[in-house]
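Participant: Note that the protein sequences, when read in sequence, are chains A and G.
With the working numbering applied, the first sequence has no gaps in its numbers, which climb one by one up to 391 at the end.
With the working numbering applied, the second sequence has no gaps in its numbers, which climb one by one up to 116 at the end.
No lab work stands behind these hints: they were computed from the structure.
Note that the structure is a prediction, hence the values are computed from the model and not measured.
Careful: at least some of the hints might be erroneous.
[Claimed, not checked] When the alpha-carbon atoms are kept at most 30 angstroms apart in a straight line, the in silico DSBU-like pairs for lysine-lysine are as follows:
| hint | chain 1 | residue 1 | chain 2 | residue 2 |
| --- | --- | --- | --- | --- |
| 1 | A | K154 | A | K368 |
| 2 | A | K368 | A | K234 |
| 3 | A | K273 | A | K227 |
| 4 | A | K273 | A | K306 |
| 5 | A | K307 | G | K45 |
| 6 | G | K87 | A | K154 |
| 7 | G | K26 | A | K273 |
| 8 | G | K85 | A | K154 |
[As the list claims (entries may be wrong)] Part of the chain A face toward chain G, derived, beta carbon under 8 angstroms:
| hint | residue |
| --- | --- |
| 9 | Y19 |
| 10 | H129 |
| 11 | E133 |
| 12 | F202 |
[Claimed, not checked] Just the calculated beta-carbon pair ranges, DEER-fashion:
| hint | chain 1 | residue 1 | chain 2 | residue 2 | range |
| --- | --- | --- | --- | --- | --- |
| 13 | G | K25 | A | E195 | 42 to 52 angstroms |
| 14 | A | D281 | G | P39 | 18 to 28 angstroms |
| 15 | A | R34 | G | Y20 | 35 to 45 angstroms |
| 16 | G | A115 | A | D260 | 21 to 31 angstroms |
We put the CB at the ideal spot given by N, CA and C, even for glycine.
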Amino acid sequence: MREVYVIGIGITSFSRLEYPLSEIAAYPAMMAMRDCGIEKVDHLYVANMGASRVSGQTALASAVVDTLSLTPAGAEAIENGPASGASAIKQGFMAVASGLHDVVLVTGAERMREVNNLEATDFVATLTHPIAEYIYGTTLPSLAAMFTRLYMDKYGVTSRHLAMVAVKNHDNAMNNPFAHLHQPITLEGILDGPEALTNNPFVSDPLRFFDFCPVSDGAACVILASKEVADKVKRPRVRLAGVGQATDTHAVHEREEPTDLLAVRRAAEQAMKMAGIKPSDVDVAELHDAFTILEIVESEEVGFFKKGEGHLALEKGETRMGGKIPINPSGGLKAKGHPVGATGLGQAHEIVTQLRGEAKKRQVKDAKIGFTCNFGGFGNNVVCLTFMRED
Amino acid sequence: MNLEIYAYKCRKCGQLHYPYRMMCKKCHNNEHNAFDPVPLPHKGKLLTFTRLQTLAADFSVPDIQLGIVELENGIRMLGQLQIAKPKSGMAVTGSVGVVRQMGYNTYHGMIFHEAK
Ligand SMILES: [Zn+2]
């Protein structure tokens with residue numbers, strides 16, 4: 001296998017974007033090409049989940065490659081639920097590593113705010129098991145809620161721990177100009193104070209409004225290239241050193257131990273093994289906190305903390321900026337936003353920015369090794385990536 | 001008429017599957033129609049639950065209760081609940097009823113009540 005480098009990156013604000021989906025996808029691609037000074041690419045992958053259902057558009061990649069005037073380069077869309085973004089990066093990795101292509105542009109985009117929140121939630125709910133879950137009215141928030149209750153019963157996680165994740169990630173997002181939510185919150189305001197129930201009502205108990213990520217439009221892009229190409233690019237050098245992916249049962253209730261997220265564990269193991277690192281080597285991570293509980297559990301499953309002890313590390317401040325392993329310096333899905341098909345690319349964008357040392361006020365000091373976990377389904381299809389700064 | 005929801009038993013190794021599979025998860029039996037439908041038990045233990053207040057637009061109620069139940073034979077399933085004060089570990093009994101109406105389509109599923 002050839003080594004694969006991230007030579008260019010770009011991103012939009014995650015918020016509401018009033019442009020056609022193909023232009024939303026093309027914008028960060030343009031920025032990424034400017035970032036590395038590349039004018040031609042061999043191939044494009046376009047990550048997206050809802051184009052056909054939410055945006056009424058099919059064959060998105062053909063529209064994006066033309067919008068960018070990059071024809072006749074090959075182009076295809078990658079749909080893998082909320083893990084579409086990291087899946088597309090993995091496809092790009094394989095294309096460069098195999099020697100098939102030298103320069104591959106991977107962009108991801110979603111336009112979810114074209115529909116109201118209930119329609120957006122139902123659109124995402126269609127990824128659940130059609131017979132054993134969806135027909136009952138199951139949504140991702142309800143699966144997360146039932147999972148959270150099990151975790152609370154078994155490991156002693158409390159609503160306070162969940163609120164601490166939300167407060168931390170909202171704080172981090174204050175230093176990220178691309179984040180959807182620039183809204184500092186406090187434990188007093190969402191948990192302890194007299195207004196907490198009004199500010200933070202139950203959505204699916206035990207989960208409340210501030211346990212969920214917002215519904216966002218947005219896009220992000222990385223350009224991957226071989227070493228020969230990367231050698232000519234005058235930007236700090238970051239290598240995509242490991243990719244991992246694993247699946248689990250479609251229906252959540254069927255898992256042998258319902259509090260395990262085995263696909264996260266296995267994908268992370270692969271991504272770290274390929275890069276030749278262990279969890280304690282990671283300096284900064286972006287984990288898929290669509291629900292606050294997920295940041296805690298993923299921090300255990302990827303190996304940063306022992307199973308059942310992620311909430312204790314959170315209490316000690318180990319996951320905040322300046323802690324042992326800062327998690328979600330971007331604000332995470334929780335506050336940066338979650339344009340589903342683009343999320344994996346958003347995570348990669350943040351990690352490359354951190355490893356380049358260009359994250360300004362949210363810079364994790366001396367970050368050399370970064371890690372992302374992009375969580376599809378309710379943990380039934382997970383892609384993890386390891387990035388390394390090289391000098 | 002007593003409606004049932006079915007698990008699928010592998011004809012080769014006896015492994016039960018819920019929901020349905022095309023190939024056996026234990027012995028990987030890949031013969032066509034290799035499963036016998038077996039009705040799921042109606043009694044079980046509630047493992048976890050939630051009251052969901054943001055529903056898809058086709059629901060005409062403000063909220064629904066969902067839960068995961070471990071049935072008597074060890075198979076787990078997700079169902080709707082109609083239980084005033086659900087508690088983890090409580091005994092429940094299920095019956096098959098309408099759980100969702102989407103346009104002209106009516107969907108049946110298991111609805112659990114507190115066991116008497
Ligand atoms: Zn079998």
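Participant: Hint compliance check: list the failing hint numbers for this structure, sorted ascending.
Facilitator: The structure conflicts with hints 1, 9, 14 and 15, although it agrees with all the remaining ones.
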